[in-house]
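**Student:** Hey, can you work out the whole structure from these sequences and the hints?
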Amino acid sequence: MNLVTVSGPPSSGKTAIILKTAATLMQKGVKVGVVKFDCLSTDDDLLYEKAGIPVRKGISGALCPDHYFVSNIEEVAQWGVKEGFDLLISESAGLCNRCSPYIKEIGAICVIDNLSGINTPKKIGPMLKSADIVVITKGDIVSQAEREVFASRVNSVNPKATIMHVNGLTGQGAYELGTLMYQEEVQVDTVKGRELRFPMPSALCSYCLGETRIGDEYQMGNVRKINLER
Amino acid sequence: MKQIQEELDKLGIGQLFGRYPFLNGYLSTQGLELNGEETDTLPTFLKKLDPDEIEDKALDAESIITGTATYISQMLEFLGDGKERSVTEITLYPGTNKDGEPENFDKLTFQRGEIVCIVGPTGSGKSRLLGDIEWMAQKDTPTRRRLLVNGDVPDPKWRFSSSDKLVAQLSQNMNFVMDLTVEEFIRLHADSRMVNNAEEVVQNIIREANALAGEQFAPNTAITSLSGGQSRALMIADTAILSRSLIVLIDEIENAGIDRKKALKLLLNEDKIVLMATHDPMLALMGDRRIVIKNGGIHRVIETNDRERAILSNIEALDFKVQSMRHMLRQGESLEHFEF
Ligand SMILES: Nc1nc2c(ncn2[C@@H]2O[C@H](COP(=O)(O)OP(=O)(O)OP(=O)(O)O)[C@@H](O)[C@H]2O)c(=O)[nH]1
Ligand SMILES: Nc1ncnc2c1ncn2[C@@H]1O[C@H](COP(=O)(O)OP(=O)(O)OP(=O)(O)O)[C@@H](O)[C@H]1O
Ligand SMILES: [Mg+2]
Ligand SMILES: [Mg+2]
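Protein chains in written order, with the working numbering: chain D, 15 to 244; chain E, 21 to 360.
Derived from the structure by calculation, the hints contain no laboratory data. Since we're looking at a predicted model, the values are computed, not measured. Hints may be right or wrong, so weigh each one.
Stated by the list, open to error - Negatives, chain E to chain D, calculated, CB over 10 Å:
id	residue
1	179
2	213
3	219
4	335
What the hints assert, rightly or not - Quick list of simulated restraints, FRET-style, between CB atoms:
id	chain 1	residue 1	chain 2	residue 2	range
5	E	70	D	233	20 to 26 Å
6	D	199	E	32	39 to 45 Å
7	E	70	D	208	27 to 33 Å
8	E	248	D	57	16 to 22 Å
9	E	125	D	55	52 to 58 Å
10	D	204	E	70	34 to 40 Å
11	D	221	E	70	36 to 42 Å
12	E	126	D	193	24 to 30 Å
13	E	120	D	97	29 to 35 Å
14	E	76	D	24	35 to 41 Å
15	D	220	E	70	41 to 47 Å
16	E	111	D	131	51 to 57 Å
17	E	244	D	57	29 to 35 Å
Cβ coordinates follow ideal geometry from the N, Cα and C atoms, glycine included.
**Tutor:** Set out below in structure tokens:
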């Protein structure tokens, strides 16, 4: 089985491009499954089901979504192996920009859209910086010039990544993305013992543990204060 | 690449900046604050950083170093003589139509400075053909078509590189989303393309765009407030002059108040190959050839002949009349005495 992780800001087009890409792969006889990680709620599973793609969803709820992802990815991989998928795609949304759910040697795709503004690539952090493939969506609603400027910004944040333009509505570029996403010779039967590409922030403070009150006396653990002096 | 790696290990950051001025922008994007006077090498500088800062800014020393080397080599290639300038022709080899039957031609060669139109009913595969060309298909798309550049298998970098793509596409939709003036926007684009004479190029693009648009706009107009026709005009001028892509794909230039003939001329002046999907007789006949698509396959290729060119001058004369009437109506004049 191949495993790839797809992540990106909310509504950047992750589901749209996964659906289009999966369709081209399924046509070639590749068996595709998806798992969707989200924070509060998602209806993406319905979209995948409608497209005939087996899907599971994981809602992190009160937990940090990235920690939730790492704590569950092995179980998810085992589900995929059991189902006999050729390709298992994990879609993660709503993560903080500081994190990335990428695992060493496991395909990592970041989806980001042209509408998000030219300074966004710089703000996203490891999710973009350590991706192997960066997919840029919604090129249909901006100009050629904006596409070029945006792609060059992405390139300057992550020069090593393969940058692709895919249209989530028409599927232009999805076939091509599919050829990169699924590689027959790659075999992943477990992710046990593998490592995250990037360590998650080491925060643990009273608010992580359920504190809701505001004020110094309630703050313990890893607390840092904003500097308002000039 | 190896030589760049050695430079990174040997030269101080200040020296590196002297050699590669674009590095400052790259490293600040990576979250490093540098003044360009640092004498430490990049690896040493990164080693000396405070671990808290490394965690806060989510820095990864190893990936910054390899990224820097990659970036420098990409930029050097981009700023270099530009291999894509030496592309003179692309050749398309047949694949199959939607029923898997072979396409009915030996090969099709497109030369620089040529307009080729693509016609065919809805869903017949016009966009797929444009997609095959953009991807430089190597029998790895549903059509199994294959493209060669100057007779050779194209460098795979053309598929992915953000700066050296062979193909630019003028989208149907011409909205701008950035909150900038025309001048700022074009300058931003020029900077991302690393042109030397940015100021001159910017003014040139605005002038050409104004020549295409019916209504003039000023350099300090917000791009989001341009009309449909003005946006299209700006886009075409920008693509013609600033885009390094050799091939321009157009999915129908709609008649949004721009001079389409001039627009095509401008693209051709820059020696591009223009491939245009269109059903408009005036545009279709302006092409040197037109490709007819049926059921996913290239059905035939028609050379525009003299008889058709004669028709074209009639259509143009007609179009000119329609444009003049439009102009008169806009000016609030009556058409009572218009000669028709
Ligand atoms: N115009 C245009 N719209 C797109 C494109 N790709 C996606 N969209 C639209 O953008 C919206 C969000 O797309 P999704 O695929 O749901 O985004 P997502 O990243 O999966 O969102 P979450 O999983 O909720 O974070 C949908 O309405 C899509 O139809 C594109 O290339 N062009
Ligand atoms: N030779 C082919 N073999 C298999 N599928 C094909 C072939 N050509 C086109 N298709 C598929 O047919 C569908 C319609 O093609 P496409 O979108 O290119 O049509 P179009 O001519 O651009 O239509 P429109 O005029 O509506 O824009 C697409 O899904 C495309 O991938
Ligand atoms: Mg989604
Ligand atoms: Mg089309």
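**Student:** Starting from the hint list further up, note which numbers the structure goes against and sort them upward.
**Tutor:** Per hint list: 1, 2, 8, 11, 14, 15 and 16 violated.
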